[in-house]
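Trainee: Okay, here's what each chain looks like letter by letter:
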Amino acid sequence: MKNIQKITRMKLFFPLFCLLLVLLINVVKDPGFFQISVKNGVLYGRLIDVLNRGSEVAILAVGQTLVVAVSAGTDISVGSVMSLSACFTTMLLAGYGVNTTTTIVMPMALGLLAGILMGGLCGAFNGALVSKLRIQPMVATLILFTAARAIGLLLCNNQITYIRYEPYKYLGNFIPGCPIPTPIFVTIVVIVIIMLVLKKSALGTFIQSVGINSRAARLLGINSDFLCFLCYVICGLCAGVAGMIASSRIYCADSNNIGLNYEMDAILAVALGGNSLAGGRFNMAGSIIGAYTIQAITTTLLAMGVSTDQAPVVKAIIVILIVVVQSPVFKSWVETKKNRRRAEIKEAV
Amino acid sequence: MNRKISIILTIAMLLTGCCGCAKAAVSGQSSAGASAQEDSNAGYITVGFCQVGSESDWRIACSNSYKEEFTEVNGYRLLFADGEGKQENQIKSMREFILQDVDYILLDPIVETGWDAVLKEAKSAGIPVIICDREVKTEEDGLYECWIGSDFEKEGRNAGKWLADYLQSKGRDQEKINIVTIQGTMGSSAQLGRTKGFGDVLKEHANWTMLGQESGDFTQAKGQEVMEDFLRKYHDIDVVISENDNMTFGAVNAIQAAGKTCGRNGDIVIISFDAVKTALQSMIDGNINADFECNPLLAPLVEKDIEKLQAGESLEKVQYIDETYFDDTMDLKSLITERKY
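Chain order of the listed sequences is A and B. Each residue of the first sequence is one higher than the last, beginning at 420 in my numbering. Each residue of the second sequence is one higher than the last, beginning at -14 in my numbering.
Heads up, none of these hints are tricks.
Facing chain B, a subset of chain A residues (Cβ under 7 Å, in silico):
#1 Lys458
#2 Asn459
#3 Asn577
#4 Ile669
#5 Asn676
#6 Leu721
#7 Thr727
#8 Asp728
Calculated from the structure, these hints are not laboratory results. Here the structure is a predicted model, which is why all the values come from computation and not from measurement. Even glycine gets a Cβ: it sits at the ideal position worked out from N, Cα and C.
Produce the entire structure from the sequences given, and follow the hints as far as they go.
Mentor: Shown next as structure tokens:
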């Protein structure tokens, strides 16, 4: 009994529980859900799909968690920044005004790096507005939320730029000879880097203390403004990486559609991970699990054949349930119920 | 130092943002102010055109068609307003056109509803409005002259008929045929029309089964995801109907990734809509079987209507533009060179 309580009180219990529940429903409905086969030399299966397609949201959730923790606000521009980074990269690789190309005009690695840095630049812009000018995070990021896609369209000369250059597809699909989709590796690399930085340096603790009380943190000698700025830059870089994957998947930059509504999924992932949107303490692993939970729900609905126009309603219901179950009010309600029952049992005895 | 950098960044970003906004303003071949135009408009018919935006190759071909048709050589002045995907931009530019007292207003509405007030304003100013491409729903009739656009239902029916002929030519007309559809954005007129048109033909063939219909939102990424799921769920897909070319590109990727083949000599027959240049190229490469055109070159038809209105003739309320289709039996290489979009 005590062991069970210990487990249920763990920070990661609820996010993991929700993810497993969603997966369990799938197994009941379709025992073949976990089946993974090798087709064409690559892994093939629904579980791989969830891991693969959830990559962008997982990467965004990493950055978003830091932003939420440090500034008690959300960065709603990440979806648009993804699109802008993708457009910037394709423009650099194809040359301005080129609609479709099979050869690239600059080394691919350089183009990808420039795209990611573009994301970082957008993050720096957001960070400057929030940390220096003290604009509310949602308002500050609203600027790029609306403007970034338009800038992307300008960069791409109002067209969808196609890069029909084989290696460009590697990042979002498969590297020849490797059976695991590349986005999974990219996600792991991003997570490992961030986790190492957070665990091996005091950055994680600093971010939490700024989030809980930025004035107190400053009095303790922590540069609150700079930390806040830094978190937005990291979030922007994450958006840049996600943008590269999304663009590589379809080997083009579709400015109007890349990363559409992803900011909402990223914020939702943070919430599903058991993080408070009021900032302060954060749980990175929870957010990442949250991101894959969202993708698992989407894949489940598709697998069950829920029609596309009804899927958002079902998705919303599941999300509401998960959020309610995790809310402190619900948890304490369950606790009092339990205690009352225990008391009743004792009385009966 | 940090502050300086942040201020510079702010200004730089705001400036780039402004470039984006400036585009929304009315710009045209005669960009002079309203008063200046009145003097120089003598002898020309002024036409104000409210375009949706420039979101796709199709749309750009559509805009270019107007710019090429309504030239001063042909006796027109075209005022071109890009709505950038927002209805309020379009309403604003329509009001500007009314203030400038143009002779005709052409409107390609972003959404179907919410046009009553501004159409009434145009009517009371005595400016005829022609609706192009997408449709409007108004409470009163007679707020606009006519609607010109694509017959999506017919496109869907034609696709069905083509499939029937194709299967017959392959000797598969008695076989059980499994079909999946990747639909466009749910509720859009292209999705509704194409789904219904093809569905009508489907009912006539007892051996055709529709395994599944899912929306790919007219985008390549979603189209690919939907196709991947179809391939997991159903192991014997014979035909894929994809309601636009972008989704088709995604579907082709998904099929090839699953180790199957499609198009000419492939396992799966692919039928697509829109017929943009890149899709024809993909057809030459052997990935797509047939593509049904959605013609963006509306301007010549619009121009004829304006001539009729000038001559005092009345117009048909609903006019469909001629549309064709392409399949891999045609001489695609020569067709592709003359294709405008």
